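Going line by line, the protein sequences match chains L and V.
Here this note's numbering is used: the first residue of the first sequence is 1, the next is one more, and so on.
Here this note's numbering is used: the first residue of the second sequence is 129, the next is one more, and so on.
No lab work stands behind these hints: they were computed from the structure.
Some hints here could point you the wrong way.
To be verified - A few chain V residues that face chain L, going by a derived Cβ cut-off under 10 Å, partial list only: (1) W319; (2) G394; (3) S398; (4) E399; (5) F460; (6) I466; (7) P469; (8) I472; (9) V473; (10) L474; (11) G475; (12) S503; (13) N506; (14) I508; (15) I509; (16) L513.
As the list claims (entries may be wrong) - When the alpha-carbon atoms are kept at most 30 Å apart in a straight line, the in silico BS3-like pairs for lysine-lysine are as follows: (17) V/K184 / L/K4; (18) V/K633 / V/K514; (19) V/K351 / L/K94; (20) L/K118 / V/K485; (21) V/K351 / V/K312; (22) V/K316 / V/K334; (23) L/K62 / V/K514; (24) V/K313 / V/K338; (25) L/K21 / V/K497.
On a predicted model such as this, the values are computed, not experimentally measured, just so you know.
Glycine is no exception: its CB is placed at the ideal position from the N, C-alpha and C atoms.
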Amino acid sequence: MMAKGTILLIDDEEDFCFFVKRNLERTGRFSVIYATDPDQGINLAKRNSPEIILLDITMPKKDGLQVLAQLKKDKKTMAIPIMMLTAVEDDQSKLTAARCYCEDYIIKPVTFEALQDKIHEVLSRQGK
Amino acid sequence: MEKAKILVIDDEAVIRQLLLRTLSDKGYEVEVAEDGSRALEKIKSNVFNMLITDLKMPKVSGMEVLAEIKKINPYVEVIIITGYPTIDAAVEAIKIGAFDFICKPFDLLEIQTKIQLCLERQKRNLSHIQVTELTALFDLTKASILAHSVESLWELILTTALEVSGAQSGSVFLWDKQTNSFGKKFGKKLWEDAPTFTLNEEVLAKEIKKGETQLIIKEKDDKLIKELLSDGEEPNSLLIAPLVGNPLHCEESILGAVVVSAKASGDSFSERDKMLASILAGQAATILRNSELYGELEKKVEALKESIDKLHETQNQLIQTEKLASVGQLAFGIAHEIRNPLGIVLGGVEYLSTIIKTEDSDTNEAIAKIKKSISRANNIIVDLLKFSRASRLNIQEMDVCEIIDEVALLITNKAYFNSVKIEKSYQEDPLLMQGDVSMLRQVFFNICSNAVDAMPKGGVLSLNILKKSDESTGEDVVVVEIGDTGMGMSKEHCLRIFDPFFTTKDPGKGTGLGLSIVHMILERHDAKVWVESEEHKGTKFVIEMLQNKSVELKNKEGNNDG
Ligand SMILES: Nc1ncnc2c1ncn2[C@@H]1O[C@H](COP(=O)(O)OP(=O)(O)OP(=O)(O)O)[C@@H](O)[C@H]1O
Ligand SMILES: [Mg+2]
């Protein structure tokens with residue numbers, strides 16, 4: 001039995017975070033922390049070294065792609081796999097995200113099953 | 129004595145019936161009309177002594193009927209009845225020529241007295257003239273509306289002139305302002321060997337400038353007759369009727385003259401003939417003026433119509449493009465706005481379903497239904513995004529036949545299920561042109577997919593490619609025709625198919641964006657698309673694309689990408 005991994009969710013929608021946290025934690029395999037403020041999210045990433053980060057794009061204070069770039073530049077966080085979890089679906093954003101070494105690009109709404117699969121996929125690629 | 133003919137116009141059936149009965153009983157010949165436009169129809173095909181009309185009526189008002197009848201036949205008297213009398217309306221009606229004004233509710237006796245008074249006045253006015261003769265004159269005005277050429281117009285005027293005056297021959301002289309003399313002439317005689325006379329035009333010109341119809345009788349005006357007919361035979365009498373544009377300025381507004389000579393009976397013309405000739409000349413002058421105006425007007429109206437048509441066309445195109453472009457922009461924004469709450473709903477349902485974890489089939493069914501609806505909503509968004517993406521093109525050289533082949537292949541399965549046969553006919557193969565391959569593929573696919581949908585019981589999907597050159601610019605044009613033998617569409621239906629979200633398909637089956645996307649892509653290609661359809665017969669979409677894209681379009685293209 002694996003240890004509980006921490007997942008960090010950065011999304012400005014409190015309600016979205018509410019359900020993602022509950023759905024993921026119900027599996028008993030993850031503990032979820034989240035931030036609705038991008039900068040606070042970056043701090044959480046630095047402090048808690050989560051196993052994976054789920055990152056929204058459209059947020060009022062800072063664009064998720066900027067957050068991604070910032071996290072990938074910081075030595076403390078650059079190794080954490082990041083998955084974009086967003087409603088934005090356009091080629092430009094996907095390209096930018098890919099160039100910043102994001103692991104996956106998931107479009108909302110996503111079923112919990114699909115999300116879980118993607119998370120496992122990323123984690124197994126990491127050898128975890 | 130002939131019965132007086134009265135036309136009663138009122139939109140209230142009760143009043144029509146009341147007047148019809150009372151006036152018929154009093155010995156009048158009565159007809160009724162329920163509105164102004166019906167009344168005008170009747171006026172144009174019948175001669176009435178008088179009209180009794182309501183003022184407020186749908187479509188054509190009583191005032192308009194009054195104005196119109198006075199134009200057609202100024203001798204018809206008009207009595208106006210109204211439930212809403214205003215001084216202004218009364219004054220105006222009398223000005224236009226109404227005989228009297230009666231307020232509703234009216235006294236039948238009052239109406240009868242007024243009718244009597246009115247008919248008396250008419251009789252006095254027309255004491256010289258029989259209504260039947262007037263009829264011929266007024267027929268003239270009516271018929272002139274139908275005359276196609278100037279010649280047929282004069283033929284008509286002369287025929288009437290001979291008819292009412294009893295003359296054997298006559299002529300119309302038209303005044304030419306430029307040369308200040310008579311120009312064109314038209315002559316007419318009742319039979320082959322009717323006597324005709326050659327008039328001295330200078331003398332005639334001098335006479336008609338007096339502006340009055342003249343009855344010239346040989347015994348009395350021998351000198352004038354001799355001057356007018358310098359040589360040859362002399363008739364026993366002549367009628368000279370000037371055609372003037374404005375009776376107050378005869379000299380300046382002279383349009384021509386009507387001259388008739390030699391009564392068939394051998395008699396001289398009478399004062400009565402003179403009066404008829406003068407009425408005729410008045411009418412003819414009006415007709416002449418109208419026809420000149422009409423000619424000019426017609427040209428102007430024609431030109432106006434053309435530009436209005438053009439305007440409408442561009443307007444429609446603009447509206448359509450604008451609509452689509454703004455929907456495209458909106459779509460992108462809306463899609464994300466909706467996806468976020470949709471994500472929450474989905475997360476929420478999934479959460480609830482795990483904590484409830486019930487065996488209750490009803491609850492599970494409810495949850496399944498919610499999930500299904502979420503995915504349906506998301507599919508709409510996917511389509512919307514496709515639509516917004518249609519605005520970006522990548523123009524390359526491509527083979528249109530190959531694309532149609534691909535589309536045919538893509539649609540094969542769907543066609544097979546509907547027992548639809550696919551028939552292809554390419555004028556040239558390959559046919560190279562410039563365009564965005566994936567976009568055009570989408571265009572043809574959307575149209576073909578609709579076509580197959582329109583043939584649920586089987587049919588033929590025909591794919592034709594031809595080439596032609598543009599009529600006005602001479603540029604090479606590639607034409608793709610996609611036809612089906614399906615259910616077809618009504619005209620109104622056709623008008624709406626390019627509107628975003630217009631669909632006749634069952635919920636979940638179509639979003640109504642297919643053809644909007646087609647329209648937008650083709651718009652970006654500077655291509656034309658239209659539809660020809662007949663209900664229960666089938667539909668044909670025709671797409672015309674320039675084979676080589678203009679520099680302008682490519683530039684526009686470049687900007688879009690950048
Ligand atoms: N070939 C055709 N024959 C008859 N009706 C047609 C045909 N093509 C289109 N239509 C009509 O035009 C409507 C709009 O077509 P459009 O492709 O825009 O939307 P849709 O097919 O209803 O949905 P979508 O393509 O988004 O799934 C159709 O619902 C149908 O009523
Ligand atoms: Mg369609």
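Practice item. Return the status of the interface hint for V/I509: holds when the least beta-carbon distance to chain L is below 10 Å, violated otherwise. Key: For V/I509, the interface hint holds, since the closest Cβ of chain L sits about 9 Å away, which is under 10 Å.
Exercise for review: With a cut-off of 30 Å on the C-alpha distance, tell me whether V/K316 and V/K334 pass.
Suggested key: holds, 23 Å
Practice item. Grab the minimum C-beta distance from V/V473 to chain L and call the hint holds if it beats 10 Å, violated otherwise. Key: holds, 7 Å
Exercise for review: Against chain L, run the beta carbon of V/S503 and see if the smallest gap drops under 10 Å.
Suggested key: holds, 8 Å
Review point. Under the criterion that the straight-line Cα-Cα distance not exceed 30 Å, is the pair V/K313, V/K338 satisfied?
Key: holds, 20 Å
Review point. Between V/K184 and L/K4, is the straight-line Cα distance small enough, at 30 Å or below?
Key: violated, 87 Å
Practice item. Verify the interface restraint on V/I466: the C-beta must sit less than 10 Å from at least one C-beta of chain L. Key: Holds, because the Cβ-Cβ distance from V/I466 to chain L comes to roughly 8 Å (cut-off 10 Å).
**Study point:** V/G394 as chain L interface residue, shortest Cβ-Cβ below 10 Å
**Key:** With a minimum Cβ separation of about 100 Å from chain L (threshold 10 Å), the hint on V/G394 is violated.
Point to revise | Hinted pair L/K21 and V/K497, Cα distance within 30 Å | key: holds, 24 Å
Exercise for review: Please work out if V/K633 and V/K514 have their alpha carbons no farther apart than 30 Å.
Suggested key: Given that 30 Å is the threshold and the Cα spacing comes to 19 Å, the pair holds.
Exercise for review: Could you grab the alpha-carbon distance between V/K351 and L/K94 and see if it respects the 30 Å cut-off?
Suggested key: violated, 108 Å
**Study point:** Interface hint outcome for V/F460 [beta carbon to chain L under 10 Å]
**Key:** holds, 8 Å
Hint check: violations occur at hints 1, 2, 3, 4, 14, 17 and 19; the rest are consistent with the structure.
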